[in-house]
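Knowing the structure of chain A, use the given hints to seat chain B on it.
There are 2 protein chains.
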Amino acid sequence: MEKNKNQSQTLTSSPLSPFTPSIRCIVKLGGAAVTCKDELEMINEEVLQKVSEQLRQAMIASSEKPPGMDWSKRPGGSEICCNPEEFGDHSAMECSPFIVVHGAGSFGHFQASKSGVHKGQLNKPLVKGGFVATRISVTTLNLEIVRALAREGIPSIGMSPFSCGWLTSERHISSADLSSVAKAIDSGFTPVLHGDAVLDEIQGCTILSGDVIISHLAAYSKPKYVVFLTDVYGVYDRPPTEPDAILLKEIAVADDGSWSVVKPKLQNSIELTVAAHDTTGGMKTKISEAAMIAKHGIDVYIVKAATSHSLRALNGDLRSSIPDDWLGTVVRSLR
Amino acid sequence: MEKNKNQSQTLTSSPLSPFTPSIRCIVKLGGAAVTCKDELEMINEEVLQKVSEQLRQAMIASSEKPPGMDWSKRPGGSEICCNPEEFGDHSAMECSPFIVVHGAGSFGHFQASKSGVHKGQLNKPLVKGGFVATRISVTTLNLEIVRALAREGIPSIGMSPFSCGWLTSERHISSADLSSVAKAIDSGFTPVLHGDAVLDEIQGCTILSGDVIISHLAAYSKPKYVVFLTDVYGVYDRPPTEPDAILLKEIAVADDGSWSVVKPKLQNSIELTVAAHDTTGGMKTKISEAAMIAKHGIDVYIVKAATSHSLRALNGDLRSSIPDDWLGTVVRSLR
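Sequences listed follow chains A and B, in order.
When we follow the UniProt record's numbering, the leftmost residue of the first sequence carries the number 1, and every step to the right adds one.
When we follow the UniProt record's numbering, the leftmost residue of the second sequence carries the number 1, and every step to the right adds one.
In short, the hints are calculated from the structure, not lab data.
Don't take every hint at face value.
Since the list gives no way to pick one copy over another, a pair counts as held whenever it fits inside one copy or between any two copies.
[Stated by the list, open to error] Taking lysine-lysine and the DSBU-like style, the derived pairs with C-alpha atoms no more than 30 angstroms apart in a straight line are:
#1 Lys114 x Lys284
#2 Lys124 x Lys73
#3 Lys73 x Lys37
#4 Lys304 x Lys224
#5 Lys249 x Lys263
#6 Lys73 x Lys50
#7 Lys124 x Lys224
#8 Lys263 x Lys50
#9 Lys73 x Lys265
#10 Lys50 x Lys124
#11 Lys50 x Lys183
#12 Lys65 x Lys50
#13 Lys65 x Lys284
#14 Lys50 x Lys119
#15 Lys249 x Lys119
Next comes chain A alone, as it looks inside the complex (with noise of 0.2 angstroms):
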């Protein structure tokens, strides 16, 4: 059995919130998941409705599919879809209290890549112009991202970081404003966030993933779970792609942030290659985050989009026990 020692940055615990419904679950809508990886801001249409779906199908108890909220126009389209009879049945339209946070996949990538805006100097003017074009490529992301979901009837409401005033000292975040967040929340909405480029402190600027994002919210929000979704199946002990790659199925975390695989029962010969896999996609910075969430007591499931898996997830499904048909991985703290 493996052990890592987390030692990433660790977030305090039992910070006061202003959350006061509680969450009941953050999801992250994994860049890789909604987007075309191979072209350049290019949204994945077919998952990404399907994941507002199975979102809708989570937070919305009723069988009926709700009025849609996106009273746009469709690219390509004269119309703008609204019947405001179709609100009236709808007096008891209750959403459960959920945040999204989501990647940016083939979107702003190439741009903070091109000007290196995660390195910082804001005075070079390279540096400016690639933290402008990041943020629009990214807002462009999350405003389709809302228009998704609130087609399905999610109450969504897109936050951008930067303009909650989310600041980074050394890319470690050091202010954010959740109470803009948690009044979202409070009136009935679902705050739908997004990895941006923000300013720090220290270097100028940065990039701020949407996975430090998910681990600040849910330290704060203490939500019942938190659900990635990605384009696997889950975290594996060698890159996906290869053959005798094994889905890491459950991960115990302790009090101190540290992690085990308890399912399957690794041999002992059998080795995480983590260090060649972190170059490629990062499995244990995804476990050490998963990890840092789950050892404040809320499940964490990992698993590929748009499946029957992610609206098990979603559900809540698996909070009682993880059938043994599941495909995901389940990080949960050892209490």
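Same frame as chain A, but now just chain B:
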């Protein structure tokens, strides 16, 4: 000489300002100027492009156009425009501190009025749906305006009042995080705010107009001047479509916010048809709002967008004296 007592909400004078570099100018891009009034969600590309060009000329001293900062794909296009080498020679690309605020025009109004967002009652499903739909529509416009400015080399950053924590109480601003806007300015960016659907502490929600945002920003940031870009030449004594409409060229504002037309000299027999005009375009409201800004000693120019007159206003050329051939309305303090 007609005198009107300004009875609008009075802004606190000399509040604690988070703005360390003094703001040169706050610009309102009128919704009617940058969108096509009669077509839902349609941008007036020609005017927006020209407005962006004039803003660049006013803000960036260099005669050479700086490299573009929108590296995203254009609708229908597949190419991303970015040439990092272009940025090499622009190490001194300094941008004058401007804040841009835009209205909604043919974006957002439809969604807001269909659902009555301005009247509150967020517990009604139709209002909640309209709130989401309105925000989608106005943020779509915001993104397009940010992109147009970025293409001209203006380091524009979209900042939604909702996300920035702007709240109202019975429709009056009760809280607004100006520090995010100030930090963006400090870092050399041009914040682009917009009329937005926001939460209201008493009635649940409302619409915060671009004009109210400008008044608030002006009171706290004390810009040297404020420019309202509209679709007509300025403020007229009656609806500008009427044949005898007279352009009010100069309006003087007293310390108590009362105002009077000083140019042209109106004969006693000519009365401002304020009541009639107010129902259609809000001439009196417009002057009252401008007067509220002007009484802080800030010159306000109301001028037709994308004309030689708007360029002179944006440049600040009118601060010393108003040339006779300039078409527009100046609202300024008697001091």
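Results for each hint:
1. Lys114 x Lys284: within (26 angstroms within a copy, 50 angstroms between copies)
2. Lys124 x Lys73: between (38 angstroms within a copy, 24 angstroms between copies)
3. Lys73 x Lys37: both (27 angstroms within a copy, 15 angstroms between copies)
4. Lys304 x Lys224: Within one copy only: 20 angstroms inside, 55 angstroms across.
5. Lys249 x Lys263: within (5 angstroms within a copy, 78 angstroms between copies)
6. Lys73 x Lys50: Classified as both; 21 angstroms inside a copy, 25 angstroms across copies.
7. Lys124 x Lys224: Answer is between; shortest inter-copy Cα gap is 28 angstroms, intra-copy 43 angstroms.
8. Lys263 x Lys50: within (29 angstroms within a copy, 62 angstroms between copies)
9. Lys73 x Lys265: neither (53 angstroms within a copy, 48 angstroms between copies)
10. Lys50 x Lys124: Only across copies: lysine 50 and lysine 124 sit 27 angstroms apart there, 42 angstroms inside one copy, limit 30 angstroms.
11. Lys50 x Lys183: within (28 angstroms within a copy, 39 angstroms between copies)
12. Lys65 x Lys50: within (14 angstroms within a copy, 44 angstroms between copies)
13. Lys65 x Lys284: Result: close neither inside a copy nor across copies, 39 angstroms intra and 46 angstroms inter.
14. Lys50 x Lys119: For lysine 50 and lysine 119, neither the intra-copy (36 angstroms) nor the inter-copy (34 angstroms) Cα distance is at most 30 angstroms.
15. Lys249 x Lys119: Close neither inside one copy (35 angstroms) nor across copies (51 angstroms); limit 30 angstroms.
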